[in-house]
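**Q** Each chain, letter by letter, is given below.
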Amino acid sequence: MESLVVEGLNKTFREKKRVVEAVKDVSFSVGEGEMVGLLGPNGAGKTTTIKCILGLVKPDSGRIEVGGVDARKEPRKAAAKLAAVLEGARNTYWRLTVWENIVYFAGIHGVSVSRGGDYFKYLLSVLKLEDQKDVEVRKLSSGYKQKTAVACALAKRTPIVFLDEPTLGLDVEASYDLREALRKLQAEEGRTMVISSHDMKVIQDVCSRVIIISRGRIVTDEKIPDLLTLFAARRYKVVISQNGDAEAIRKAEEGALERFPGCEIKRNPQTVEVFVSLSDGKQIYELVEIMRASGVSIETITQEEVDLEKAFLEVVRREARACG
Amino acid sequence: MWLVVIQSCWVKAYKLMTRYLFNMMSGLITLYIVFALLFYGTKSIGGGVVDLGDTLEGMLAGYLTWMLAMMGSTELAWNVTNEAQTGTFEQQYLSPVGYRWIAAITESFNFVYNVSMVFLIAMLIAATTGQKLHLHLASTLPIMLSVYVQATGIGFALAGLALIYKRVQSFFQVVQFLMIGIFLVPWDRFPWAKFLPLSASQKVLQRIVIDGLKIWQIPASDLILVLSVTVAYVAVGAALFSLAESKARERGVLGQY
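Keeping their order, the protein sequence lines are chains A and B.
In case it helps, this note's numbering puts the first sequence at residues 1 to 324.
In case it helps, this note's numbering puts the second sequence at residues 1001 to 1257.
Read the hints as simulated data drawn from the structure, not as lab findings.
Yeah, the Cβ is synthetic: ideal placement off N, Cα and C, and Gly gets one too.
It cannot be assumed that every hint is accurate.
[What the hints assert, rightly or not] Calculated lysine-lysine pairs in the DSS-like style (CA-CA distance at most 30 Å, straight line): (1) A:K77 <-> B:K1247; (2) A:K58 <-> B:K1166; (3) A:K58 <-> B:K1247; (4) A:K139 <-> B:K1166; (5) A:K24 <-> B:K1247.
[Claimed, not checked] Which residues of chain B face chain A? A few of them, derived with a C-beta cut under 10 Å, are: (6) W1002; (7) S1008; (8) K1012; (9) Q1091; (10) Q1092; (11) P1096.
With the sequences and hints as input, model every part of the structure.
**A** Next up, the structure:
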């Protein structure tokens, strides 16, 4: 069963003479209990997409269905099913304590202390906030502040939670703690979560599926293991030796770039590394032929190990090339 | 659901107020000092220049109305501005009851707090000037409420402006002075002035405080006028806020800068 359905979402901002097409025909759905990552470069349209779903930005067109409710027709009914931590915002009252913030934000969602108190305490323990419970948020480190914002969002017990850049500005340990907590809570509660982040580790660690947005459009929507397998099978590293024949190396580089425009070339003191993503495995023979014709010596050819970051960069670059 | 929301808003407003105790105390002292300066200043130049009433009660009625109106109108607008900057506005907007109701509930707390402050200042003034005041609670409270609700209507309109244009704080201060102007428009020369915000309530409040009338001794037509103006201004204010909210959502500027 789908928890969230977005169809043909469009949003254009018009500011004086400037027109920005922030979201272009975005469609996707998220199943119940699924944890989906939203990836994209700065200004790709991730936050606008999230804000359209939350009702904070009015889309120009498109359908948004939240837990079976048409969010554009019944925004308040849809809001009851949603919670979010928004990027770049405090999200909490710094003059209130961690506990007071949780109680307030759950309260305005209709969850009282008597109904949700035990769960609030549980959240504090999972997010390692117990010792900070009665501390005013302004006195906490950025990691604890962010965890408080996450606790406030989760305390509402909504079936769908959006976390926009939840680990932004956090140190390695705080980011790890938060990821651990999210994984644990999701496994236990099976809530639908959409996480937008620049931090690939967060998405790779926590999510099962990734949607990559670039220039306002969805360019990839895949299960993370499938995406990694796909790229692992395509990405090669060819090492050629720099044995004095600069002209041959120049020819090899030019030939590779001409045939495979997205390939990367890295010059080392002794070798030149050519990284290339192939749409068909057989293209490796073409690359070998280019090298042979240039007169360079190939030292090794290896299939690259691909992580989400490399896959993401490849998708975004390919999209950028396609758009000129 | 609603009870939990009301309780949450009231508890939060109370806690935040206690966390800004210095701010609260300095506000109280400032309001007292301003009244003292106004009172003794008017007395020393012979009084009557400004129609706040030439007795302590008259001046007090004018001052109380202005003070409440100022609090009601600008607090809401300041809150929206501040909360939009810190990111708590969007979080409240996500509540199933909507931000307008959260703001209205918070304003109900502010009304109780501000009226308590107004009474406290009035008692301080009476103690320092040695004069007795006609502050019949059952009569003054409903009129004060009408003042506050009308001011909240203005506050909603200002908050709407703040949502779209963000830096409009200086305009809030202009509005505070405009409200003094409203009290000064004479009804006999400008009959339409009775439909201006706060004007009808202030006139009724003056009769209660100066003439010592009880609310049931006020002509029904005057009370109906107060009620109609109150409903009209809060409805128009809320509608303008709603319009601004929709515009801000369209432009993507709801909440943060």
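**Q** Confirm or reject each hint.
**A** Hints, verified against the model:
1. A:K77 <-> B:K1247: 21 Å, holds
2. A:K58 <-> B:K1166: At roughly 19 Å apart (the allowed maximum being 30 Å), B:K1166 and A:K58 satisfy the hint.
3. A:K58 <-> B:K1247: 9 Å, holds
4. A:K139 <-> B:K1166: 28 Å, holds
5. A:K24 <-> B:K1247: 21 Å, holds
6. W1002: 8 Å, holds
7. S1008: 3 Å, holds
8. K1012: 5 Å, holds
9. Q1091: 6 Å, holds
10. Q1092: Constraint on B:Q1092 satisfied, holds at 6 Å.
11. P1096: 4 Å, holds
Figure legend: structure checked against the earlier numbered hints; every hint is met.
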